[in-house]
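Number of protein chains: 2
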Amino acid sequence: MKIKKIEIGENLFGKNDEIARENSELLQKYNILSLNLMGSPGSGKTSILELTIRKLKEKNITCGVIEGDIAGTFDSERISLLEVPVVQINTGGACHLEAMMIKKGMEQLTLNEIKVLFVENVGNLVCPAEFKLGIKYNVTVASITEGEEKPLKYPLMYSVSQLVLLNKIDLLKAIDFDTEKFYQYARKTNPDIKIIPVSGKTGDSINQFVDFIEEQLLIQ
Amino acid sequence: MKIKKIEIGENLFGKNDEIARENSELLQKYNILSLNLMGSPGSGKTSILELTIRKLKEKNITCGVIEGDIAGTFDSERISLLEVPVVQINTGGACHLEAMMIKKGMEQLTLNEIKVLFVENVGNLVCPAEFKLGIKYNVTVASITEGEEKPLKYPLMYSVSQLVLLNKIDLLKAIDFDTEKFYQYARKTNPDIKIIPVSGKTGDSINQFVDFIEEQLLIQ
Numbered sequence: 032m033k034i035k036k037i038e039i040g041e042n043l044f045g046k047n048d049e050i051a052r053e054n055s056e057l058l059q060k061y062n063i064l065s066l067n068l069m070g071s072p073g074s075g076k077t078s079i080l081e082l083t084i085r086k087l088k089e090k091n092i093t094c095g096v097i098e099g100d101i102a103g104t105f106d107s108e109r110i111s112l113l114e115v116p117v118v119q120i121n122t123g124g125a126c127h128l129e130a131m132m133i134k135k136g137m138e139q140l141t142l143n144e145i146k147v148l149f150v151e152n153v154g155n156l157v158c159p160a161e162f163k164l165g166i167k168y169n170v171t172v173a174s175i176t177e178g179e180e181k182p183l184k185y186p187l188m189y190s191v192s193q194l195v196l197l198n199k200i201d202l203l204k205a206i207d208f209d210t211e212k213f214y215q216y217a218r219k220t221n222p223d224i225k226i227i228p229v230s231g232k233t234g235d236s237i238n239q240f241v242d243f244i245e246e247q248l249l250i251q
Numbered sequence: 032m033k034i035k036k037i038e039i040g041e042n043l044f045g046k047n048d049e050i051a052r053e054n055s056e057l058l059q060k061y062n063i064l065s066l067n068l069m070g071s072p073g074s075g076k077t078s079i080l081e082l083t084i085r086k087l088k089e090k091n092i093t094c095g096v097i098e099g100d101i102a103g104t105f106d107s108e109r110i111s112l113l114e115v116p117v118v119q120i121n122t123g124g125a126c127h128l129e130a131m132m133i134k135k136g137m138e139q140l141t142l143n144e145i146k147v148l149f150v151e152n153v154g155n156l157v158c159p160a161e162f163k164l165g166i167k168y169n170v171t172v173a174s175i176t177e178g179e180e181k182p183l184k185y186p187l188m189y190s191v192s193q194l195v196l197l198n199k200i201d202l203l204k205a206i207d208f209d210t211e212k213f214y215q216y217a218r219k220t221n222p223d224i225k226i227i228p229v230s231g232k233t234g235d236s237i238n239q240f241v242d243f244i245e246e247q248l249l250i251q
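From first to last, the protein sequence lines stand for chains A and B.
So our numbering is basically just the index in the first sequence, starting at one, shifted up by 31.
So our numbering is basically just the index in the second sequence, starting at one, shifted up by 31.
Bear in mind the hints are in silico, worked out from the structure with no lab data behind them.
Some hints could be false.
Heads up, the list lumps identical chains together, so a pair's fine if it works in one copy or across two of them.
What the hints assert, rightly or not - When the alpha-carbon atoms are kept at most 25 Å apart in a straight line, the in silico DSS-like pairs for lysine-lysine are as follows:
1) K88 - K232
2) K88 - K167
3) K232 - K204
4) K232 - K212
The following block holds chain A by itself, in its conformation from the complex:
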């Protein structure tokens, strides 16, 4: 599917929270469930998206994707192979997505054909957490290769997220990672956070994320 692309200039910034509210209202109007995937570079956001979208398509749940990257179209090219509408946002250096970029992204999508909107934020465990986008669920994708202490070192990301996908569990045997401590640290930062261990490589437990999405679709 053809990739739509937006280059964001400096002048689009400002009034972020107001625009985030408008985005949220627009998504509610179209009854779209929205999820904002955040995490370090290489934590596996795109791989998880690919697997999840494939499974949602099998269930006839239509998806749309807004891909945020500083430069390039690597991720949107991968997603577009799944034949879902995808908008690439190149921030031109900025380390995070802002509400205006999501607004511009949604303008490129046919909203009444979408049930689930995924936003893949710029790979960064810090800055994306600071900007409201008007997206309903913040999802942190954490890879076990990053170490178990990250929730304590990057507390804001974990505070603003409702869900953590703890990725690359296929590598648990090859890597020193204390799963119990990770859970403890994540919950110390955010007692209400839900954690789903997954593998974006083998597909392990991706169904649990798909189940989460289906549950949210029912109650929204």
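With chain A held as given, fit chain B onto it using these hints.
Frame of chain A, contents of chain B only:
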């Protein structure tokens, strides 16, 4: 060794490049070689530092460390076990170190006792690249678990670095990583960049990084 700690308030920012120049002059005055380690959360900056400092100590090359983190003292606690002077800078939310933080950090160190100053920046593949610190060498620590395309997705980091430590090569068998492509992409972004593959777990090829440091000590 006791960890010195600085909390950075908002009012320290500004005039960054001027202060970076002053930092650089101070380091030259004391004939200190300085290296700024940057990279994603969990790329292995601290593990590499630990191994490198241990080897430099064996050669009677004295080190000092400035640890940058948003919150916590995890890394400085690890480094302090090596009995080297370490200053922890907590940025209080900021996603990068700035020149003033380095200046304040150096004030806490006995500079005439240090030959090599390491700065470990906040784990972030984006923002730290934007701020001059007055540190001579920028070193990107990249983990193979992040994927080979990262130099193209985060070009600024690779443009401002003279050296890449390609970490976690002990996992090459467990992970799909195209080393050749990584070299190609890194050099496309920065044709002069030097790349040393290492393992912060097994210690493989850390000697090459130590050799690099010793060479720079000779020519400076």
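Hints, one by one, checked against the model:
In this assembly of identical chains, the alpha carbons of K88 and K232 lie at most 25 Å apart only when taken from the same copy (19 Å versus 41 Å across copies). For a Cα distance limit of 25 Å, the shortest separation of K88 from K167 inside one copy, 21 Å, qualifies, whereas the shortest one across copies, 51 Å, does not. Proximity of K232 and K204 under a CA criterion of 25 Å is satisfied in both settings, with 15 Å inside one chain copy and 14 Å between copies. Taking the shortest Cα distances, K232 and K212 sit within 25 Å of each other both inside one copy (23 Å) and across copies (20 Å).
Hint compliance for this structure: every hint is met.
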